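Asks: Spelled out, the chains give:
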Amino acid sequence: MSKHNGHPHLPLDLQKLIQRSFDEPLDEVEVRQLEHAIANDVRAREMYEEVAHLHAALVSQEQTSEFCRKVVQRELQSSPEVAVAPGQDEPSTVLYWDGFLNTARVFPLRAAAVLLALGVGLGCGVGILAAVIVHGPPQFLSIPWEWSVPEEVVARIESTQGVKWQVAENPETPPTRGLRVGQEIRIEEGLLQVTYRSGVSVILQGPAVYVIRSEGGGKLFSGRLTAVVPSASPVFCTETPAGVLKTGPGHFGVDVENSASNRQVAVHVFEGHLYEMPSAQFVRTSGGGIKLVAGDSIRLDQDQSVTSIDVPHRKDYPIRMPTAHRELYQEQTIFLGNLFDDCQSQSLTEAMLSDTYQAAAETIDLGVAAVHDGGLDLDVCLAEDGVLFNFSNVGGGGSAVVGLPSNDTYRSNLGIPIRTTGEDLPYSTNADHSLVLGKPSKIEEGVGLSSNELLTFDLDEIRRAGALTGRAMRFVSDRAGINDRELPVETSRTKALANLIVVVSNEERVLSAYLNGQPVDVAKQAAVYSVRVDEERASSGLRYDGHFVEIDVPIPAEARFLTLVSASLGADVHDHVVFSGARLEIEPEASIAR
Amino acid sequence: MPSKEEEFAELFGATQQRLFGMLVSMLRNSEDARDVLQQTAVTAWENYSDFEPGTDFFRWMAALAKYETLTFINYKRRSKLYFKQEMMDQLVDDACGLSDESIEARCTALRECVTKLADTDRKLIDCRYTHGLGSHGTAKLLDRSQASVCNSLRRIRQSLLRCIKRTLSEEKVA
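Protein chains in written order, with my numbering: chain A, 1 to 594; chain B, 1001 to 1174.
Simulated from the structure, these hints should not be mistaken for lab results.
Bear in mind that the values here come from a model prediction, so they are computed numbers and not experimental data.
All residues carry an ideal CB built from backbone N, CA and C; glycine is no exception.
Hints are all accurate, no fakes.
Label-pair ranges, simulated between beta-carbon atoms:
(1) Pro322(A) to Arg1166(B): 52 to 60 Å
(2) Glu1005(B) to Glu24(A): 38 to 46 Å
(3) Lys1172(B) to Glu28(A): 41 to 49 Å
(4) Pro322(A) to Lys1084(B): 26 to 34 Å
Whole structure, please, built from the sequences with the hints as guidance.
Replies: In C-alpha cells, the structure reads:
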C-alpha cells in the first residue's frame, strides 16, 4: 500500500487529532480544538467523517459477526431463560435493564437468538431489533435534559397547568426552574411537572407537597403524583410517610393522605417494563418489601396494613402535561406584565388576552426564567443557565421586601398600582386619623419591582410561544423610575432612591447593559459580570422627584435573556421601582436580514 | 405482505450502518454509539406508526438518534467532552447526504482491504476492533507503548482509507 498521506492539505497535527479522537478520550481543550477545525474547514470535516465511518465499519464487520455467533451458540446450549450476573461478559446489543435492586440482568435469549440468527445473515443489526421485538416496545421515553446548569440542579420544573402556590398572599415561587436537593414544592391546585436529569417525569396534582430528595427521587408528603420512569433510567424512589416506592421503568401513581386524623398511602402500578420481574417494590417504614407488578394497586393504612384495591382510572394519573398551544403572534407588542398569569403551554396570543392586575412574576409563568427577592449583594445567576452578575457596585443589597415583581403594580401582595403621571393614590382618613387606601386597581400598564429584586425573562420561550423564533426585538419602557407616592409621607420624597439596571444576555455572555436607561460597559472577572461605571454615576440613582427615564434597549436575535433589576443603593424605604409600559417591540423581519 | 416488524426490520437493517457511522462521528466512541443506536431502535420501533411511508427513513431515524444522543450526553454528565449541538446538527446533515448504497460499497471494499494488510497490522486491527480493546488495552496486550499503538492504528486506517478509495474507483472504471 502507498505511504502517501491521504489528506496532505490538512496540518499533520490536526490529522493526528482526528485519528486520536477515536482511540482515546480527548480533554476539553482538544475537543473544542477539533470541533473548531471540523466546523470551519470542510476538508477537515470530510476527513473526520471518513475516519468515523471507517471506525464504525471496522467495529461492525469485525465485532458484530463474532458477537452474533457467540450469542447464538451460547443460547443454543442454554436453558430457555438465562440470568447473567452483573459484570459477566454479555452482548451489548441485547436490550437489558440493570436498575431494579441491582439484581441480575435478565433477557430472554432464546427468542432473541432466533432473531439474532436471522440477523447474522442480514448484517447483524437486526440483533438490536430483536431485543426490541422480543421485549415489546417500551412506552416511556426519557425527557431530554438539554440544559447546561450546575451539577447540583438535579431536576427542574418542566411545565405547569393552572398552578397556584399554597400560600396565596405571598407567592412561594422558586427563584429559577432548577430544583436542588431539599427544595420543596407546595402547590394548592393545578398540575406541575418535575423532570429529573435521568429523564424521569413526576406530575404533581395540587394540593400537594413534594420535596426533591436526590437525583433519583423525592418525597411526597401529601397529595397525588404520577411518575413515569423511562427505560434507561436507574431505580426511581418515591418516599411517602408509609415507606418508599422503588420503581423500574413504567407508569406509577401515588396518593398520600397525611392529616392528623388519617394517614394513608396508595400505590398503583399501571405499567411496568421489567421483564419477568416485579415492576416495583414498596418498602414499608415498619420493614418488609411488597413486590408489585403491572395492574397492582395497594393501600397502606396507618397501622402499615396492606390492602389490595381496585386500580384507579389511568386518566386520573396523566402521563404527560397538556400539549402547548402554539400559533403565530400577529401583534407587534408584547406587554411583559401580561405574562404573569400565563403558563408555559399557552400561546403568546392567549397570554396577551389575559391581563390580571397584581399577578406576581413567578418562574412557572410563561417566559419568566428567574425571580430574586433580595440577595443582590452576592453573585447572582441571571437565569439558571445564564451568566453570573454582581450588582453590589451599583447598589444591589441583600434585604428582601416581601412581595414579588408584579403586573401593573410594584408589589404583588399590596396592590399599589403603578402611577407615573402624577396621579395620587385615592385615600381617606378614619376618625382616628388612620389612613384608608382607595380600592387599588390598574391605572397604568407595566411591571413593578421592590428594592433589590431581579426579574429575568426567557426571550426564547416567549419567542416560541408566538412562533417568533429568531426575531429581534426592543425592550421599551416609557417611564421608568420611582413610583408616585403611595401615601403623603415625607420620607418618600426625601429618601427614596434606586438604580434601575437592564441586562441583555445569553447563556454565555452579557450582550448589553443599561443603568437608568443609559448604556453602560460591563466588566468580567472570574466569570462574574458587573457594571463598569464610576462611583458618582453608580451612586446617583433615581429619586422620587417626578423624573422618569425612557428605556429603549435593542434585543438582537441571539439574545436569550432580558433582566430587569432594582438596586436599593442603601436606601431602605419607598424605593418602589416601576417600568411603566414595559414591553417588547418585535422588530420587522427585514431587520433580521440586515 | 410483510408484517410491521418485518417492514421495520428491513428499513432499519438497510440504514443501521450509516446511522452507526453517524453516531460514532457524534460520540467518538463505538460503545457509546452502540448504546445510543440500541435506544434509537427502541424509540423508532415505539414510534414507528409516526413514520410516513415513502419519506426518508434515514432522516427520520437520524432525528431520533440525535435526540437520543443528547439525552445520553446529558445522562453521562460529561457534556463538555462532547461536541456542541450545532456540530451535531452538521454531522446529522452530512450523514443524511450519504447513501446506504455507498456505505455498503465501502464496507465491501473494506473487507477486501483488510485481507491485504500485513499480518502484524491485521493483528492490531483484530485487537482493537474484534476484541474491542482500547488503545491502552491493545498496547498492554501487545507489550507496546500506547503512543506507538495509536500511531500504528492511524497509519493502518490511512492505508485502509486509501485502499477503499482505490478499490471503489477501480470498480467505477470497470
